[in-house]
Amino acid sequence: MHNHSTGGEYGPGPHKHIDQHKHIGIELAQEELTRPKIALIGNPNVGKSLFFNYMSGMYVDVSNYPGTTIEYTRGRFNSCDVFDTPGVYGISSFNEEEGVTRDVVLDADIILNIVDAVHLERDLFLTQQLIDMGKKVAVMLNFMDEVEKAGLEIDTKLLSSYLGVPVFRTTATTKQGFDQIKTAIEQARMGEQDGSLHHKVHTMLSITGSEAEAVLVLEGDEVVAERHGVKPGTERENLYIERRNRVNLIINAILTEKGVRKHIATTLGRWAVNTWTGIPMLLVALYLIYLFVGQLVAQDLVSFTETKLGHELWEPWIKGIVTQYVSLESWLGIILVGEFGVVTMTVTYLLFLLLPLVIAFYLSLAILEDSGYLPRLATFVDRSLNAIGLNGSAVIPLILGFGCVTMATITTRLLGSEREKRISTAILQFAIPCSAQIAVVAALLTGAGFQATLIYTAIIFTMFVAIGTILHRILPGQTTPLLIDLPPMRLPRFDNVIRKTAFRAYFFMKEATPWFFAGALGVGIMQVTGLLTVWQNILAPFTTGWLQLPREAATTFVMGIVRRDFGAAGLYNLPLSPNQIVVSLVTITLFTPCIASLMVMVKERGVKEAAIVWTGTWVVAFLVGGILSQILI
Amino acid sequence: MKKSDTLPLHRVPKGSRVVIIDIPDGKSKDQLIRLGILKGEFVKCLERLPGGTIVIEKNRQEIAIGVTLAKTILVAHANTEILTQQSE
Chain A
1 MHNHSTGGEY
11 GPGPHKHIDQ
21 HKHIGIELAQ
31 EELTRPKIAL
41 IGNPNVGKSL
51 FFNYMSGMYV
61 DVSNYPGTTI
71 EYTRGRFNSC
81 DVFDTPGVYG
91 ISSFNEEEGV
101 TRDVVLDADI
111 ILNIVDAVHL
121 ERDLFLTQQL
131 IDMGKKVAVM
141 LNFMDEVEKA
151 GLEIDTKLLS
161 SYLGVPVFRT
171 TATTKQGFDQ
181 IKTAIEQARM
191 GEQDGSLHHK
201 VHTMLSITGS
211 EAEAVLVLEG
221 DEVVAERHGV
231 KPGTERENLY
241 IERRNRVNLI
251 INAILTEKGV
261 RKHIATTLGR
271 WAVNTWTGIP
281 MLLVALYLIY
291 LFVGQLVAQD
301 LVSFTETKLG
311 HELWEPWIKG
321 IVTQYVSLES
331 WLGIILVGEF
341 GVVTMTVTYL
351 LFLLLPLVIA
361 FYLSLAILED
371 SGYLPRLATF
381 VDRSLNAIGL
391 NGSAVIPLIL
401 GFGCVTMATI
411 TTRLLGSERE
421 KRISTAILQF
431 AIPCSAQIAV
441 VAALLTGAGF
451 QATLIYTAII
461 FTMFVAIGTI
471 LHRILPGQTT
481 PLLIDLPPMR
491 LPRFDNVIRK
501 TAFRAYFFMK
511 EATPWFFAGA
521 LGVGIMQVTG
531 LLTVWQNILA
541 PFTTGWLQLP
551 REAATTFVMG
561 IVRRDFGAAG
571 LYNLPLSPNQ
581 IVVSLVTITL
591 FTPCIASLMV
601 MVKERGVKEA
611 AIVWTGTWVV
621 AFLVGGILSQ
631 ILI
Chain B
1 MKKSDTLPLH
11 RVPKGSRVVI
21 IDIPDGKSKD
31 QLIRLGILKG
41 EFVKCLERLP
51 GGTIVIEKNR
61 QEIAIGVTLA
71 KTILVAHANT
81 EILTQQSE
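Chains as they are written, first to last, in this note's numbering: chain A, 1 to 633; chain B, 1 to 88.
I should point out that these hints are in silico values taken from the structure, not numbers from a laboratory. Some hints here could point you the wrong way.
[Unchecked claim] Quick look at which bits of chain B chain A covers, simulated, 3 or more residues with Cβ under 8 Å:
| no. | region |
| --- | --- |
| 1 | 26-35 |
| 2 | 61-71 |
[To be verified] Think about it this way: if two alpha-carbon atoms lie no more than 27 Å apart in a straight line, the pair counts; the simulated DSSO-like pairs of lysine-lysine are:
| no. | chain 1 | residue 1 | chain 2 | residue 2 |
| --- | --- | --- | --- | --- |
| 3 | A | K175 | A | K37 |
| 4 | B | K14 | A | K258 |
| 5 | B | K44 | B | K58 |
| 6 | A | K200 | B | K27 |
| 7 | A | K149 | B | K44 |
| 8 | A | K258 | B | K27 |
| 9 | A | K149 | B | K58 |
| 10 | B | K27 | A | K157 |
| 11 | A | K231 | B | K14 |
| 12 | A | K258 | B | K58 |
| 13 | A | K258 | A | K319 |
| 14 | B | K39 | A | K200 |
| 15 | B | K27 | B | K58 |
[As the list claims (entries may be wrong)] Covered stretches of chain A (in silico footprint by chain B; criterion: 3 or more residues with CB under 8 Å from a CB of chain B, positions within the stretch not fixed):
| no. | region |
| --- | --- |
| 16 | 81-95 |
| 17 | 116-128 |
| 18 | 235-248 |
| 19 | 265-277 |
| 20 | 381-395 |
| 21 | 484-490 |
Note that CB positions come from ideal geometry on N, CA and C, so glycine has one too.
Turn these sequences into a full structure, and let the hints steer you where they fit.
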């Protein structure tokens, strides 16, 4: 079929396997190389991570929306290495997630294929592909509890004989059937390969050296083909259709459908993507989040923790201790317990302002994720996001951005094209305030009144749309179309929501804390050395002249470079009129993202693009803030 | 087959069952095949949002398709399928 006779030059050498390890970024010691590798492979949302958590005893993020696991995770199970992988519908190189999973599959000794028993038609395509690749496979039929509720009956024995590999019934959420994991690993074997494909593979086998890679090359996988210096096959579609037909045949034989009862969750799911009920549902969701995060936590709880615990309890106490050793007027005293005190202000902001807010936000996000609402929201807003060059899937990084821009920038990877990654990263860095910043902004706006809040929201929203539209216009290329499957709506599991929130909040704090201390230390040092005054003088024409703010506002911009919320928090102590509050908040929101997200942006998008965006935020922030100031003040 | 029998997927009214006639080549097509949506398969249109984003159902699986892709997918109403098969 193909003409690639130059196998000798590119032929399979012993170096190939080492290359592979390098490629998926595992640096293994010699003894680790011999340990059997088990890969957990499955479609998105089938419970791979629950298996992994159970097997390795490690925790990985579990959620009810596609694209959560972007990297693979390695753990230990008995004497084996076990890998959790991003969910995929098939093995190839369609996107980054698939690339990661593909390499883990190629490298694995045994595949535990986790299958959503309710959606067998979809999942068995991947199963058959893994079998066609000549891998040792065991199938774990998950969600067995839901199978009955959905009115389905599956003949497991017959399925097993069709596939030629062992099949086990499990319910991951209650750990039912998990005692069979060990047996599954022992019994995993090569299954019934597609006859015609098996024949074709032999020609390719002499070049790639492994059956799995031979199959991928035949199916037109560019990356694997290039590794072996051959042209990718042109028969992907035919092979896919053949496989699809075989799967349909198996399904017809093993699956019986009884009467289906309509579940309340299904109805809610439909409402979420309905023309008329979609918006009310979104508003209700947003309102509930506002009540919880904005009212209960940001105002009631934080005013207690910040004032009572922070300003009245912690700060006087630690001040008392520090002043026993150093004088308040000394440079060390100023740095430690002064205006920007490392152990006073910083601790209060971190523990009594940020922590409650971050927990509240992640809790809401976890519930949203696990309910299965997010992919439906993506569908609902798809057309609107098309206007700014994105498709519905971008709603996930954008919403995550309201939690933490740094984290969200990483998840832009799940978008379909470089162009969309570029647009969404820019929007995130320019116009999306993170949860910590929102908290401070919300608190300041509450003081400034309704009109101020309205102006602020309108301007930030306009900037969001403007940046997207401009980039959509000037960047070459087209928006990729939305194509996502909608996981069933489920009631979020309490323990999973709590674990996820705790896990994320912990990592957020771990990441934020050093920067906060470094920032406070930096500003403290600038204060005692007089550099702060120099900086304020340099920026004075901008702050006092152009933005019409007090000259001390320049300090918040120094802090803003370190962390966004930190910058906004610095505005607390300044005597500002409502209009000045709006101007300063708009400026600080559009101003540079925090150092951590700058780092991530450099890593994800490259130095050049990151530098353009970062410089751009300075220009846009001062430009928009200044114009607003000229109009308002 | 008469042209009037087919229509692009984004025009399919909510609630109707259609059969896939043609999907243009490309990565989206391969992904759709993986999900079980290919020429000759029956799907139900669950929702049609303003602007043309469409939600279809195939064997309890709900799939959302953006308008730019839906526009390029040709379908026929399920009840006219018998007619089109005869004319082929």
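How the hints compare with the structure:
Counting residues of the region 26-35 of chain B whose beta-carbon sits less than 8 Å from any beta-carbon of chain A gives 9, enough to reach three: the coverage restraint holds. With a threshold of 8 Å between beta carbons, the proposed coverage of the region 61-71 of chain B by chain A holds, since 10 of its residues qualify and at least three are required. The straight-line distance between the Cα atoms of K175 of chain A and K37 of chain A is roughly 22 Å, inside the 27 Å bound, and the hint therefore holds. Straight-line distance between C-alpha atoms of K14 of chain B and K258 of chain A comes to about 25 Å, which keeps the hinted pair within the 27 Å bound.
A threshold of 27 Å between alpha carbons decides the hint, and for K44 of chain B with K58 of chain B the separation of about 7 Å falls inside it, so the pair holds. Between K200 of chain A and K27 of chain B the CA atoms are separated by roughly 23 Å; this keeps the pair inside 27 Å, and the hint holds. Of the supplied pair hints, the one linking K149 of chain A and K44 of chain B holds, its CA atoms being roughly 22 Å apart against a limit of 27 Å. Distance check on the hinted pair: K258 of chain A and K27 of chain B sit about 35 Å apart at the alpha-carbon level, beyond 27 Å; violated.
Under the criterion of a C-alpha separation no larger than 27 Å, the hint pairing K149 of chain A with K58 of chain B is consistent with the structure, at around 18 Å. A hinted pair counts as satisfied when its Cα atoms are at most 27 Å apart, and K27 of chain B with K157 of chain A does not qualify at roughly 35 Å. A threshold of 27 Å between alpha carbons decides the hint, and for K231 of chain A with K14 of chain B the separation of about 44 Å lies outside it, so the pair is violated. Simply put, K258 of chain A and K58 of chain B have alpha-carbon atoms about 16 Å apart, close enough for the 27 Å limit, and the pair holds.
A threshold of 27 Å between alpha carbons decides the hint, and for K258 of chain A with K319 of chain A the separation of about 71 Å lies outside it, so the pair is violated. About 25 Å separates the Cα atoms of K39 of chain B and K200 of chain A, which keeps this hinted pair within 27 Å; it holds. In summary, the hint linking K27 of chain B to K58 of chain B is supported, as the alpha carbons are separated by about 20 Å, within the 27 Å threshold. Chain B is given as covering the region 81-95 of chain A, and this holds because 4 residues of the stretch bring a CB closer than 8 Å to a CB of that chain, at least three being needed.
With a cut-off of 8 Å between beta carbons, the region 116-128 of chain A has 6 residues touching chain B; three or more are needed, and the interface restraint holds. Chain B is given as covering the region 235-248 of chain A, and this holds because 7 residues of the stretch bring a CB closer than 8 Å to a CB of that chain, at least three being needed. Using a Cβ-Cβ cut-off of 8 Å, 5 residues of the region 265-277 of chain A lie near chain B, which meets the minimum of three, so the contact claim holds. By the rule of at least three residues with a Cβ nearer than 8 Å to a Cβ of chain B, the coverage given for the region 381-395 of chain A holds, with 6 such residues.
For a cut-off of 8 Å, the count of residues in the region 484-490 of chain A with a CB near a CB of chain B stands at 3, and the three-residue condition holds.
Checked against the numbered hints above, the structure violates hints 8, 10, 11 and 13; every other hint is satisfied.
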